[in-house]
Amino acid sequence: MSSVIISDILTRVEGHGSVELIRDGGRVVDARLNLYESPRLFEALLVGRRFDEIADVACRICSICSTVHKVAALQAVEQAVGVTISRQTGLLRELAVQGGQIESHALHIFCLALPDYLGVNGIQELATREPEKLQVGLRIKKLGNLIQETVGGRAIHPFNLLVGGLGRVPDVAQLQYVRNQLAGGRDIVDDCVAYILNLKDILPPLAMLPVCAVSGGPPLFGDRLTTSTLAIISAGSAAAWLNEHVEPHTHAKVSHFDETTPIMVGPLARLTLAMPTTYAHHFTGNSIRSSLKARIIELQLAVERAQILIEQLLETGLKKEVPAIAIPVQGEGTSLIEAPRGVLLHSYRFDGWGICSAANIITPTAINQGAIAASLKALIAAMDGADYDQIKRSAKILIRCYDPCISCAVH
Amino acid sequence: MRKLRVAIAGLTACSGCQLSLLNCEDELPGLLEQIEFHYFPMALSPALLEGEYDAALVEGCISMPHEVELLQELRRRSRYLIALGTCAVWGGVAALRNGEDRELLRQQVYGLNPLACETFNPQPLQSLVQVDAAVSGCPPEKDELLRLLAGLVRGALPVSIDYPVCTECRMRENLCLLTERDILCLGPLVLGGCGARCPSMLVPCEGCRGPVPESNMKEYLELCAQKGFGRLTVLERLHRFCPERKI
Amino acid sequence: MVIQFIADHNLEALLERLRRYGELHAPVLSDDGVLRFAALTQGETSDLSALRTLLPPKKYLLHPQETILNYSADTGYQLPVEVAPPLILLGLHPCDLAGINYLDRIFLGDEPDPIYAARRAALTLIGVSCIPDKFCSCQQMISPLKALSDLFLNSLDDGFAVTSASLRGDELLEGIKDILEEREGEMPEDSRRFFGHVVSEQLRHELDLTLPEWQELADRCLGCGACSICCPTCYCFDVLEFSGLDGRSAVRVRQWDNCLFKSHAQVASGMSFRKDRAERFRYRYRHKYRGFGALQGVPSCVGCGRCRVVCPTGIDLRPLTERLEEVRHG
Amino acid sequence: MVSALPVQAAITAISPLTADTSLLILHTEPDHPVASSFLPGQFLEFSLPGVGEIPVSYCGYPSVNGSIELCIRHVGHVTTPLKIALPGDSVGLRGPFGRGFPLPSFAGQDLLLIAGGLGMAPLRSLLLALLQQRDFSGRLILVYGARETGALLFLDELLEFKKQGKIELHLGVDRPDFCLAGPPDCQIALLPTLLDRLDIDPGRTCAAICGPPVVYPQLVSSLRLMGMADARIHLSLERRMKCGVGRCGHCAVGTLLCCVDGPVFSNAELAGIEEALA
Ligand SMILES: Cc1cc2nc3c(=O)[nH]c(=O)nc-3n(C[C@H](O)[C@H](O)[C@H](O)COP(=O)(O)OP(=O)(O)OC[C@H]3O[C@@H](n4cnc5c(N)ncnc54)[C@H](O)[C@@H]3O)c2cc1C
Ligand code: SF4
Ligand code: SF4
Ligand code: SF4
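One line per chain: the protein sequences are A, B, C and D, in this order. Counting in my numbering, the first sequence runs from 87 upward without gaps. Counting in my numbering, the second sequence runs from 450 upward without gaps. Counting in my numbering, the third sequence runs from 87 upward without gaps. Counting in my numbering, the fourth sequence runs from 87 upward without gaps.
It cannot be assumed that every hint is accurate.
Stated by the list, open to error - When the alpha-carbon atoms are kept at most 25 Å apart in a straight line, the in silico DMTMM-like pairs for lysine to aspartate or glutamate are as follows: (1) Lys-169/D <-> Asp-581/B; (2) Lys-145/C <-> Asp-592/B; (3) Lys-406/A <-> Asp-243/C; (4) Lys-405/A <-> Asp-592/B; (5) Lys-406/A <-> Asp-581/B; (6) Lys-406/A <-> Asp-117/C.
Simulated from the structure, these hints should not be mistaken for laboratory data. Quick caveat: nothing in here was measured; it's all calculated off a predicted structure.
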């Protein structure tokens, strides 16, 4: 019984984690994800801060999804202190979130995951071996950042999104510029969809897991969770349902669902629950190994949605608005939103002075830990007997299929 | 010419400074031609430190023992070690409550359950190793990052900035939020270089670039007091990104 | 005396006419409520009595940051080609005109600065008289006002008396002939005079001394830089060079600098000749009133009041000079 | 437009003089004024492309073939990358700028040259000029102090001049090196102390000083104690210079501008300017 644990650092993912393969003799018998990211203790940091500071601090949880963290935090805060936002603000926030979706997906697809399919080490070899792929990916990525900058003032940690509104509302000319850029990028995105959908799978087929996504609002927004097992969970009870616990081997809390079945969140989960018929045939029985396909389709949907949002905004014209005034009251708020990697929850409680007394943040990668573990086990079973290095490589590719955002997960 | 050999590492942080580099969509292909990013786990496999580096760009603060080791190893291997971003330079948001007992904070998040890791109060890089240059900002400006890299290719370190956000804010002919609108803007105390991004969009400076050298705290607090902002409110705001009471 | 008069109702026609000579810029109130010199779009009018723009017109001559040299490995350093299309600056108050005149003396001296010279040659200056407010200090200046503008509009009850002070002004006058009226009347005297002596020679010597008042003022300075950024005659600049990513090209830029910053008088050993804010603060005013180099002895404060308006802590040197004068006379 | 546009020059040789100082030999267009017509004490603006521009004193003698000698201490932004420059690399030069030492007024006078550390660079230029026409002036006394023996610049050359009887040489170091045997007669003393034992005729001596700013006040008071008039004491001042032509405003010394009115000033000119000497 000489079982050996071999740990390998995850690369081309956000944050710090490793995969541990447990070897018994020549056979790999088990695998484990270890998120050893340093905890910044955000939920504790936020306690004691004023309601209008929460989102500014909370968005620093993660850079790739800073816009969606910011919006999630703002929504929860506004709910707690009783602020309603204008339709215009709502549309602009939605636009910013779609921008984040485009940026994050483009980054993952072209810079982080595609190298697995092309057999290169990452952006460095991509630049020399497949320069046009890198350039196309960056061009799409830039569209997402352009949107985030236009609305949020900055691609990372968007400061222009405030409680009750925006600092400065972008003007018509700026939105028209974004519209033109998006129109100019549509063909490229469409080409990429075709290219990615035709990539040969590099992982064995694995069983599909139950999934869960936010619903009840415009794409990526909503007030409840819907699962493939047909459960509906309201925002208020979501945290309890997600049921987080502390476990060894990971600094991110792990969700424990009723029947201990892991649940998967993210692009594939969202598509599973609302699959555009044109693409359904690409996903029959393909599970997590098709995540790249799900992402490129979502990227296309995000571009389309952004275009619609811009049209809506331009139609009514852009009004100069000042943020709605918030008067601190005692209260509590929970918001759900779809981050690029899946369900994100922000929940806060404030005292009568508007000072935060409790904070809870549940992130997609944390939720996905159970699903990743299950997938890893399935992979090892499917590859039983294969060469050790091959299993190790596949295990890392598999984890990358979840596009883990470890800083988010541990926060 | 030999390519510049660079390591890019992230410690306790949000990866925003590294992402800022990846966000240089127009310039990245050119950069990859001029520079060998040898160690850059976020964008390259494998994560292996090897040989010597002309420069190591390090994002994030230090809050765990394995980060100390990594940082020291990077220092040993690199001609220049550069603190990238506010966390690395000042501690950043992670160090927001450094004044308090970290174990209590930990329990607030993880409960009594002892987490299998040893974390300590987040510290800026210079508390542990010699730092040759710093690029501040949460996140740093793309321009600054590109200039840093272009300079390194020439063997030069960046010239440090010593003027506050207000200077650039005035250059842009913005409305002054502090004097005209009585909004708590940290501009006078905060290091410039961002082009006064936030005030230019009517959002007060939150101080993401850290303190300017020789700021006049006393008079600023006085001014805020006249505008009805209590000392504590101002100080809390001020220490969002630089908790080490350095301002 | 016959004066050339333009009636208020003809102002719009005047703007239209001026546009024929170049892009028209004048004080414009922004959405955020900031008065700035900016392009006056068709149909837009400018409030010519508005007192002071946030930035003075120096921004047209010296940009906050600008390229002064381009480098490429093949050709070495090259001066940038400065294309300066004709620009009509309307609504310059006498202090701003005086400010431009001062900058001219620095940048068009023995060896004119090529970039400044090109931009300056493209500028047509149209001055407008104004009524000073409590921040202005132009009234205290006593030497005669030279003709500093091309055209000058002197405000009367229902319009402006127009005078030309240059060939370009004559040309403009010719071009607007049909909307001008000849009137019999007195040319109003502009009572404000610039480049005079705000403070007496002796007082200036006293201001040079290490008076305790300097420390008091310096204690209140936030070092924000606003006063010199907004000063029409502050022109100190820093020079930076940025390499291109190709490793073969570079640009050299200059950007507005400020003698109140720590690094201003620092040298290689890290030592600074003006160690603390009090010393730097005093230096700034000494320079304003005493000049240096080629303009030694020429005061450069034009009395526009901007530094007093923009200073977050309301620093104003006038009480100090008044107090000193009193002490001396009393 | 000469003063705004750097002329291209190539590094012909770069050799270390001490641990942190190099002698740079540059070559530019023959007969270009930047190489051919400067006075000792004047400076040029040296550009390292892509990095920046700094003021540097001439340390050699004017040439018609376009060659220039500079002595550079590697301390910061521009000078550190220069350490890895190679012969053939191209750089940019503007100049000459400023006012050098008032050579005509030195005619027939004894000259006391006082150099501290890197201040030897411009004084070497002055020394070479004076040696060019040895009978132009009277005694040539060089007092030269450095941090340590190894930091003494142009030592062999200076010892040779001394041997040939052309100059009187007084060397001093702040502290001795462990491994280096000092040159003969080298004292262990700070620069101002080296003046103590000098025997000069203050009425017919002119002093030319260049060194770290911190020692200036003491040097000046020593010379005055020796009876030397302020007008006979000439100091080269260091300031930040960004343009070289009196516009950037960084080099102001009271109402004087170091780059056009200096860098060499007589102590009489600096009278009453509090920020002039450290
Ligand atoms: C007339 C004149 C003649 C000169 N002649 C020569 C000569 O012949 N040879 C020569 O080598 N030099 C000479 N110098 C000095 C030379 O110009 C400086 O050494 C040079 O400008 C340094 O440039 P740098 O960019 O390399 O260093 P910088 O980056 O400017 O820094 C130089 C030093 O200053 C310190 N420093 C810089 N900025 C700061 C700051 N903000 N805070 C604290 N410390 C700081 C640094 O630590 C460093 O040690 C002369 C100077 C003048 C004015
Ligand atoms: S708005 Fe803020 S940054 Fe801008 S000038 Fe005012 S205080 Fe300074
Ligand atoms: S204005 Fe302040 S908060 Fe905004 S980017 Fe600049 S330093 Fe950061
Ligand atoms: S405006 Fe006032 S506070 Fe700001 S630098 Fe000038 S004097 Fe100081």
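Structure-based check of each hint:
1. Lys-169/D <-> Asp-581/B: holds, 17 Å
2. Lys-145/C <-> Asp-592/B: holds, 23 Å
3. Lys-406/A <-> Asp-243/C: violated, 37 Å
4. Lys-405/A <-> Asp-592/B: Not satisfied, since the Cα-Cα distance of roughly 32 Å exceeds 25 Å.
5. Lys-406/A <-> Asp-581/B: violated, 45 Å
6. Lys-406/A <-> Asp-117/C: Roughly 9 Å separates the two Cα atoms, so the pair holds.
Hint compliance for this structure: hints 3, 4, 5 are not met, and every other hint is.
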